[in-house]
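Colleague: Chains as they are written, first to last, in the numbering used here: chain R, 66 to 630; chain E, 66 to 630.
Some clues are possibly wrong.
Any copy will do: because identical chains look the same in the list, a pair fits if it lies in one copy or spans two.
Pairs of lysine-lysine residues, derived as DSS-like cross-links and limited to a Cα-Cα distance of at most 27 angstroms, are as follows [as the list claims (entries may be wrong)]:
1) Lys293 x Lys554
2) Lys554 x Lys96
3) Lys293 x Lys334
4) Lys136 x Lys493
5) Lys491 x Lys348
6) Lys96 x Lys136
7) Lys546 x Lys136
It is worth saying that the hints were derived from the structure and are not from the lab.
Small disclaimer: the values here were computed from a predicted structure and weren't measured.
Number of protein chains: 2
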Amino acid sequence: MLKLLALYFFTTLIHVPITEAKIREYNWEVKYEYKSPDCFRKQVITINGLSPGPTILAQQGDTVIVNVTNKLITESFAIHWHGIRQRGTPWSDGTAWVTQCPIGPGDTVTYEFKADRPGTYVYHAHYGMQRTAGLYGSIQVSLPDGVEEPFAYDFDQSILLNDWYHQSTSAQATGLTSIPYMWVGEPQSLLIQGKGKFNCSSVTLPTNICNTTNPECSPYVITVIPGKTYRLRIASLTALSALSFQIEGHKMTVVEADGYNVEPFEVDKLYIYSGETYSVIIKADQDPSRNYWATTNVISRHPNTPPGLAIFTYEPNEPQQSPPTVPPAGPVWNDTADQFAQSQALKARQGYIHTPPPTSDRTLVFLTTQNTINGYTRWAVNNVSLDIPETPFLIALKYNLPNAMDQTPPPDTYDSLNYDINNVAKNKNATSSTAIYRLKFNTTVDVIMQNANTMKMSHSETHPWHLHGHDFWVLGNGIGKFDLKEDTKKFNLVNPVMKNTVPVFPFGWTALRFQADNPGVWAFHCHIEPHFYLGMGVAFEAGVEKVGKLPTFIMGCGQSRGLLN
Amino acid sequence: MLKLLALYFFTTLIHVPITEAKIREYNWEVKYEYKSPDCFRKQVITINGLSPGPTILAQQGDTVIVNVTNKLITESFAIHWHGIRQRGTPWSDGTAWVTQCPIGPGDTVTYEFKADRPGTYVYHAHYGMQRTAGLYGSIQVSLPDGVEEPFAYDFDQSILLNDWYHQSTSAQATGLTSIPYMWVGEPQSLLIQGKGKFNCSSVTLPTNICNTTNPECSPYVITVIPGKTYRLRIASLTALSALSFQIEGHKMTVVEADGYNVEPFEVDKLYIYSGETYSVIIKADQDPSRNYWATTNVISRHPNTPPGLAIFTYEPNEPQQSPPTVPPAGPVWNDTADQFAQSQALKARQGYIHTPPPTSDRTLVFLTTQNTINGYTRWAVNNVSLDIPETPFLIALKYNLPNAMDQTPPPDTYDSLNYDINNVAKNKNATSSTAIYRLKFNTTVDVIMQNANTMKMSHSETHPWHLHGHDFWVLGNGIGKFDLKEDTKKFNLVNPVMKNTVPVFPFGWTALRFQADNPGVWAFHCHIEPHFYLGMGVAFEAGVEKVGKLPTFIMGCGQSRGLLN
Chain R
66 MLKLLALYFF
76 TTLIHVPITE
86 AKIREYNWEV
96 KYEYKSPDCF
106 RKQVITINGL
116 SPGPTILAQQ
126 GDTVIVNVTN
136 KLITESFAIH
146 WHGIRQRGTP
156 WSDGTAWVTQ
166 CPIGPGDTVT
176 YEFKADRPGT
186 YVYHAHYGMQ
196 RTAGLYGSIQ
206 VSLPDGVEEP
216 FAYDFDQSIL
226 LNDWYHQSTS
236 AQATGLTSIP
246 YMWVGEPQSL
256 LIQGKGKFNC
266 SSVTLPTNIC
276 NTTNPECSPY
286 VITVIPGKTY
296 RLRIASLTAL
306 SALSFQIEGH
316 KMTVVEADGY
326 NVEPFEVDKL
336 YIYSGETYSV
346 IIKADQDPSR
356 NYWATTNVIS
366 RHPNTPPGLA
376 IFTYEPNEPQ
386 QSPPTVPPAG
396 PVWNDTADQF
406 AQSQALKARQ
416 GYIHTPPPTS
426 DRTLVFLTTQ
436 NTINGYTRWA
446 VNNVSLDIPE
456 TPFLIALKYN
466 LPNAMDQTPP
476 PDTYDSLNYD
486 INNVAKNKNA
496 TSSTAIYRLK
506 FNTTVDVIMQ
516 NANTMKMSHS
526 ETHPWHLHGH
536 DFWVLGNGIG
546 KFDLKEDTKK
556 FNLVNPVMKN
566 TVPVFPFGWT
576 ALRFQADNPG
586 VWAFHCHIEP
596 HFYLGMGVAF
606 EAGVEKVGKL
616 PTFIMGCGQS
626 RGLLN
Chain E
66 MLKLLALYFF
76 TTLIHVPITE
86 AKIREYNWEV
96 KYEYKSPDCF
106 RKQVITINGL
116 SPGPTILAQQ
126 GDTVIVNVTN
136 KLITESFAIH
146 WHGIRQRGTP
156 WSDGTAWVTQ
166 CPIGPGDTVT
176 YEFKADRPGT
186 YVYHAHYGMQ
196 RTAGLYGSIQ
206 VSLPDGVEEP
216 FAYDFDQSIL
226 LNDWYHQSTS
236 AQATGLTSIP
246 YMWVGEPQSL
256 LIQGKGKFNC
266 SSVTLPTNIC
276 NTTNPECSPY
286 VITVIPGKTY
296 RLRIASLTAL
306 SALSFQIEGH
316 KMTVVEADGY
326 NVEPFEVDKL
336 YIYSGETYSV
346 IIKADQDPSR
356 NYWATTNVIS
366 RHPNTPPGLA
376 IFTYEPNEPQ
386 QSPPTVPPAG
396 PVWNDTADQF
406 AQSQALKARQ
416 GYIHTPPPTS
426 DRTLVFLTTQ
436 NTINGYTRWA
446 VNNVSLDIPE
456 TPFLIALKYN
466 LPNAMDQTPP
476 PDTYDSLNYD
486 INNVAKNKNA
496 TSSTAIYRLK
506 FNTTVDVIMQ
516 NANTMKMSHS
526 ETHPWHLHGH
536 DFWVLGNGIG
546 KFDLKEDTKK
556 FNLVNPVMKN
566 TVPVFPFGWT
576 ALRFQADNPG
586 VWAFHCHIEP
596 HFYLGMGVAF
606 EAGVEKVGKL
616 PTFIMGCGQS
626 RGLLN
């Protein structure tokens with residue numbers, strides 16, 4: 066109700082008759098404000114005073130228009146519409162230095178794009194480390210009138226999961242690019258729909274800075290009516306953490322992932338990686354006289370952050386009443402086998418299978434490693450760490466500005482034969498470049514993501530990889546070094562799930578296939594914020610010559626300064 | 066020596082024969098780095114790794130070229146060359162939203178201007194609250210070969226004074242524009258040439274964050290040779306604090322202020338307000354067997370910050386050896402009479418008098434007050450608080466873009482008869498506007514700065530007012546309400562000092578006269594960083610139609626986006 070009110074006050078929804086595609090127009094003001102999402106007061110980037118920002122609601126086929134005004138003081142930003150493919154509007158992808166110049170202070174720009182697929186998506190800042198400042202929110206795209214989901218529910222609710230740091234994003238970013246390297250460390254708390262609880266008594270801080278009784282950090286409440294069925298649209302936009310999510314005493318049935326219907330399967334807890342979205346169906350079928358815990362826990366990394374807690378309450382209970390139980394323990398953080406099993410369970414739902422092309426035209430094998438460049442810690446793909454270009458790639462390529470970026474193509478593969486993924490690399494050095502991958506338009510591309518040991522002995526991390534502008538088929542994954550001969554034979558070409566974000570497990574690989582059928586330039590990167598910030602990503606160009614006239618709102622930096630007229 | 070080496074390594078000086086005007090070219094990279102100037106580690110904006118940045122050295126008539134690259138992560142900035150009049154180059158004044166769009170991340174721009182007057186100047190960030198992040202340095206303009214100063218010295222040295230906050234500028238700025246208002250408070254330390262000493266044991270912080278033995282915060286050392294004479298060019302770029310500066314056991318003779326020779330007078334301690342520069346002559350004529358303290362203290366506000374300490378050492382003593390004495394006490398902080406007396410002592414030096422025009426064509430009487438606008442705390446001039454325009458004033462006026470700013474002229478005076486400057490105003494509300502003062506070109510303008518009670522009972526502050534693009538004569542000052550009839554009669558029209566920054570004392574007034582003979586748009590504002598940030602300033606336009614073609618580097622924001630071609 067409050068959320069609806071907030072939407073009413075803070076956004077402008079233009080309703081036209083529901084029989085035709087509608088325009089959903091939002092006016093957003095982006096600025097810094099002091100907030101205490103986990104009881105600790107810090108600077109947060111808000112949209113119309115909110116973090117998470119307003120939920121974008123659209124119906125398949127609608128046009129979404131977001132007029133964004135930069136009211137930050139000295140900072141620029143860009144907003145990425147994560148999961149929206151931006152077919153025909155690659156300039157609206159909102160990825161700083163890939164598809165646009167950052168939006169400068171004082172400027173108002175208009176993002177316009179089609180919600181061309183139903184499902185659960187998110188939006189978030191895509192510039193530097195700004196996502197961690199709280200600039201994000203949910204997107205729900207519903208089916209056209211008269212079209213039904215293959216699963217039934219009474220109510221629909223978005224829940225954004227996040228990890229939360231008390232250091233400013235700018236301080237984090239500076240530390241990451243310092244010598245000596247200052248890692249951001251584990252988050253101070255986990256947020257469920259923007260609310261967490263930091264233990265203020267663990268530090269010596271005045272109560273105006275940290276106060277666990279501050280109503281701003283009262284737990285998030287999921288209110289249900291006994292007997293009803295709920296669709297929870299769960300998304301993770303963590304900076305770093307892989308998470309589990311569970312609701313005490315309630316099973317969840319996974320039905321959607323990244324906008325695609327999946328063969329339903331039941332879980333006690335959902336594993337979710339940064340950049341992923343899931344819909345789960347949950348029935349309010351337990352003892353309605355009490356409340357239950359909804360919890361999120363760090364997995365994949367040794368947790369140093371307490372679980373995030375929300376309250377799952379049956380009407381008409383007192384919503385903020387703590388459940389009578391201790392919150393259920395999360396899963397064992399390093400049970401990779403169990404995490405892997407959930408990934409394996411994800412299949413396209415019968416009747417909703419998009420069959421992949423049987424073969425690909427080009428295979429990219431991407432070894433992802435932690436490296437050192439001139440003493441700085443970086444992350445690299447095939448030993449090349451992505452540098453920020455002078456001019457956004459989309460503009461540089463569309464306008465054929467060859468000096469704007471490196472021209473030597475980055476490598477399609479790595480020396481798999483001689484590279485030991487299970488040990489610290491003998492040579493930790495890498496190079497960096499602003500070169501990108503040029504794909505032939507309308508071809509099919511396989512990408513094998515190969516994970517390896519980091520610079521620390523016996524240590525490899527889970528990386529969620531996100532592709533802009535496309536969905537991909539997840540053809541397979543495994544632990545160990547990918548075998549181009551044997552593992553390709555085991556690819557699932559029958560009912561692979563389509564996604565836009567997928568985890569690559571420690572020392573493991575994940576195989577993707579996608580069609581380069583969306584003209585533009587698209588980032589493909591690890592969704593862990595400090596990893597992409599340190600170069601763990603690539604960009605793919607395809608059919609840039611087919612891209613329409615670029616709008617001027619994306620220009621104004623580097624060599625695009627002269628293109629504003 | 067180290068400084069010279071640093072200059073050698075970090076800047077490019079192009080030397081052409083000294084008989085003609087030279088070009089002094091600098092290449093600067095501006096970025097965030099972790100530094101511990103007062104032993105507390107925080108993010109600092111550096112130039113080529115330094116804060117204070119490299120000292121600009123030029124000879125009168127030289128052209129200074131500074132190529133600045135923005136390597137901040139998501140922030141823009143602008144650099145103001147404080148005291149340089151920018152005659153013929155108003156676009157190089159470096160004042161965000163007045164003379165230029167902020168310089169965006171990744172951009173390289175070139176400031177070019179003539180060092181047309183000898184003297185002591187500074188440069189600093191002029192955007193939001195960024196000056197407090199450490200982006201500043203000294204400018205020394207020497208006389209042409211063969212021209213002598215009217216005072217003798219063997220060595221010349223710049224010393225920048227500052228106050229220092231541990232909170233980031235962004236956090237400060239957000240707090241200032243919050244409801245409830247969060248004032249920045251008193252600084253944590255005072256810096257002498259970028260070095261201070263915070264008492265780390267007063268807080269619970271790990272030693273990697275605060276460590277008083279960190280060599281980065283070893284005291285600044287002024288090394289002298291016994292018997293020699295020194296010119297110390299002392300500048301203050303404090304965010305908030307008025308300061309005193311003294312050297313234990315040594316008298317100082319004030320000889321220059323803001324680039325003008327003044328009738329010499331001797332002081333034990335120098336009072337200096339933010340934005341002011343002074344040259345003092347000091348003789349190394351004391352017992353050379355020991356070191357002495359150089360100290361700076363907060364004045365005008367109840368000090369809550371320990372004195373800043375540097376070491377004045379005679380060669381060949383151990384420079385870092387603490388003097389055997391306790392540092393001398395600073396002056397009584399609220400001895401306004403003594404501070405006022407120093408202002409009164411400032412007269413143009415015989416032989417160097419620039420006689421002011423005997424009358425003015427227009428008199429502006431500026432009442433400056435702390436106010437409330439829609440619940441926000443602001444500062445105002447004649448009840449109007451300056452808002453940031455959509456398009457920089459210089460561009461809007463030169464290109465005649467009337468929609469870019471408010472057109473109703475701000476008031477020339479206030480209701481002096483009915484305003485009680487000694488009490489809290491009955492109506493604290495003010496308005497805000499992007500309107501500016503249009504001056505007739507080549508006319509003489511008087512500005513009477515009238516200080517008043519703040520929103521707190523029996524409380525008024527010292528405000529240093531700085532004029533861009535011009536020097537002004539200081540015709541007089543006093544305590545109480547300015548009397549247009551009586552006080553004008555007492556104006557010093559014989560030997561008034563010329564300055565670019567002048568204090569206005571609590572409950573007092575200061576009268577200035579200047580000639581509007583520099584085509585452009587120029588800020589005139591309180592040099593206290595949070596005060597100008599909250600609207601305590603105006604802008605003057607004169608002869609904008611005579612301004613040459615604006616360079617594109619100042620464009621790209623607001624309505625100037627379309628002017629880049």
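Colleague: Go through the numbered hints given earlier and state which of them the structure violates, listing their numbers in rising order.
Modeller: 1, 2, 5 and 7
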